[in-house]
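Undergrad: Here are the chains, one letter per residue:
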Amino acid sequence: MELQRNLDAIRQQGLGLAAISYDSVAVLKNFTDRQHIMFPLLSDPGSQIIRAFDILNETVGPGTAFYGIPNPGTYVIDPQGRVVSKHFEDDYRERVSATDILIQDFGQSADAAREVAETKHLRLTTTASTPVARPGHRVVLSLEIDLKPNMHVYAPGVQGYIPIEWKLEEGAVGKWQPVAYPVSEMLHLEAIGETVPVYRGRVIIKREITFGQEAALTPLVNPADELTLKGSFRYQACDDRVCYLPQVVPLEWHFHFEGLDRARVPADLQRKVQ
Amino acid sequence: MLAIAVLDGQNIKTGPAVGSPVPDFSAQDQEGRRQTLKSVSGRKGTMLVFFRSADW
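Just so you know, the protein sequences line up as chains B and G, in that order.
Under the numbering used here, the first residue of the first sequence carries the number 117, and numbering increases by one thereafter.
Under the numbering used here, the first residue of the second sequence carries the number 780, and numbering increases by one thereafter.
Be careful, since some hints might not be right.
Derived Cβ-Cβ restraints for the label pairs, each shown as a range [what the hints assert, rightly or not]:
{"no.": "1", "chain 1": "G", "residue 1": "Lys817", "chain 2": "B", "residue 2": "Gly273", "range": "49 to 59 Å"}
{"no.": "2", "chain 1": "G", "residue 1": "Thr815", "chain 2": "B", "residue 2": "Ser348", "range": "48 to 58 Å"}
{"no.": "3", "chain 1": "B", "residue 1": "Ser201", "chain 2": "G", "residue 2": "Thr815", "range": "20 to 30 Å"}
{"no.": "4", "chain 1": "G", "residue 1": "Arg822", "chain 2": "B", "residue 2": "Arg350", "range": "30 to 40 Å"}
{"no.": "5", "chain 1": "B", "residue 1": "Gly179", "chain 2": "G", "residue 2": "Lys817", "range": "10 to 20 Å"}
{"no.": "6", "chain 1": "G", "residue 1": "Thr815", "chain 2": "B", "residue 2": "Gly375", "range": "15 to 25 Å"}
Covered stretches of chain G (in silico footprint by chain B; criterion: 3 or more residues with CB under 8 Å from a CB of chain B, positions within the stretch not fixed) [as the list claims (entries may be wrong)]:
{"no.": "7", "region": "792 to 803"}
{"no.": "8", "region": "808 to 817"}
{"no.": "9", "region": "825 to 831"}
Below, a sample of chain B positions facing chain G; criterion: calculated Cβ distance under 7 Å [stated by the list, open to error]:
{"no.": "10", "residue": "Gly132"}
{"no.": "11", "residue": "Lys145"}
{"no.": "12", "residue": "Lys202"}
Hints were generated in silico from the structure; no laboratory data involved.
Note that the Cβ used here is the ideal one computed from N, Cα and C, for glycine as well.
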């Protein structure tokens, strides 16, 4: 479970973690034993707390098994009991994860994956906002480029040189947003009397993906439950004297795949229609 | 107020506004222990998650 996996990261921020649902204590106990939960799950079988917070889901009416569920969301609450931030979703397939909240509220990248590749001209670090891929979840992939001293690479839109290009094997893995390249700087090259858009120092490029549904992802997952996104980074580096041959560096982002929890509690514990 | 208006644009109720107090509550946890906002809070506060169900 995603919250359990991030429990240490949440506690490192000095926060306690608790999760509330309309489930009975018996259902929560069963879930805890199956999923090895180490934080309090609170039982609100009559949905009184959900109503007190005024987040009863009004799209399900009385007489159905799901009556009494909340609009799912997360509050960060200060020690005085006031809301610091809140995170709600409008589509149950696009869940806000604890990792997203930690990054947004605390700038902490939880337990995100990190890999490094190095060439003569630069160092590439691939990271993701979460190490876990789940159906319907959003993840931001980052590519950090650290150029070596005196090196520059060309920004998209440059004339006469090869700009940097980040490619990903998009396939059927999900819905991709365009690559977000940062603003470049204009560099005047004395030797040739040209001014061109370049990057120097550290550059971070981001791209967001919303993973597809479970049926689309399952065929891409290996037996060890790993999902790998592959791509490449193409660049031509120059220093103040020479330009080097264009390079293509293969890149990978590795995720642990986590499907939806399909197991149910025994029939006698299941919630009856109210 | 702007942030709240954006959330309301999703047409779902999201409860107490940022900066407002949340209701006190008391509930049993999975071990049958009585818990309150205070008892689950850490030094700097609480991440309180409302989820649909542990069983579907």
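Undergrad: A separate judgement is required for each hint: does it hold in the structure or not?
TA: Consistency of the hints with the structure:
1. In this structure the hint that Lys817 (chain G) and Gly273 (chain B) lie 49 to 59 Å apart at CB holds, the actual value being about 56 Å.
2. Take Thr815 (chain G) and Ser348 (chain B): their Cβ atoms lie about 53 Å apart, and the range 48 to 58 Å holds.
3. About 21 Å separates the C-beta atoms of Ser201 (chain B) and Thr815 (chain G), a value consistent with the hinted range of 20 to 30 Å.
4. For Arg822 (chain G) paired with Arg350 (chain B), a C-beta distance near 48 Å fails the hint of 30 to 40 Å.
5. In this structure the supplied range 10 to 20 Å is violated for Gly179 (chain B) paired with Lys817 (chain G), their Cβ-Cβ distance being about 36 Å.
6. For Thr815 (chain G) and Gly375 (chain B), the hinted distance range of 15 to 25 Å is not satisfied, since their beta carbons lie about 34 Å from each other.
7. Only when three residues or more bring their CB closer than 8 Å to a CB of chain B does the claim for the region 792 to 803 of chain G stand; here the count is 12, and the claim holds.
8. Counting residues of the region 808 to 817 of chain G whose CB lies closer than 8 Å to any CB of chain B gives 7, which reaches the minimum of 3, so the coverage claim holds.
9. Restraint check on the region 825 to 831 of chain G versus chain B: 7 residues with Cβ-Cβ distances below 8 Å, three needed, restraint holds.
10. A hinted interface residue such as Gly132 (chain B) counts as satisfied when its beta carbon comes closer than 7 Å to some beta carbon of chain G; here the least separation is about 4 Å, so the hint holds.
11. Given the 7 Å rule on beta carbons, the hint for Lys145 (chain B) holds: about 5 Å separates it from the nearest Cβ of chain G.
12. With its C-beta approaching chain G no nearer than about 6 Å, Lys202 (chain B) sits inside the 7 Å limit, and its interface hint holds.
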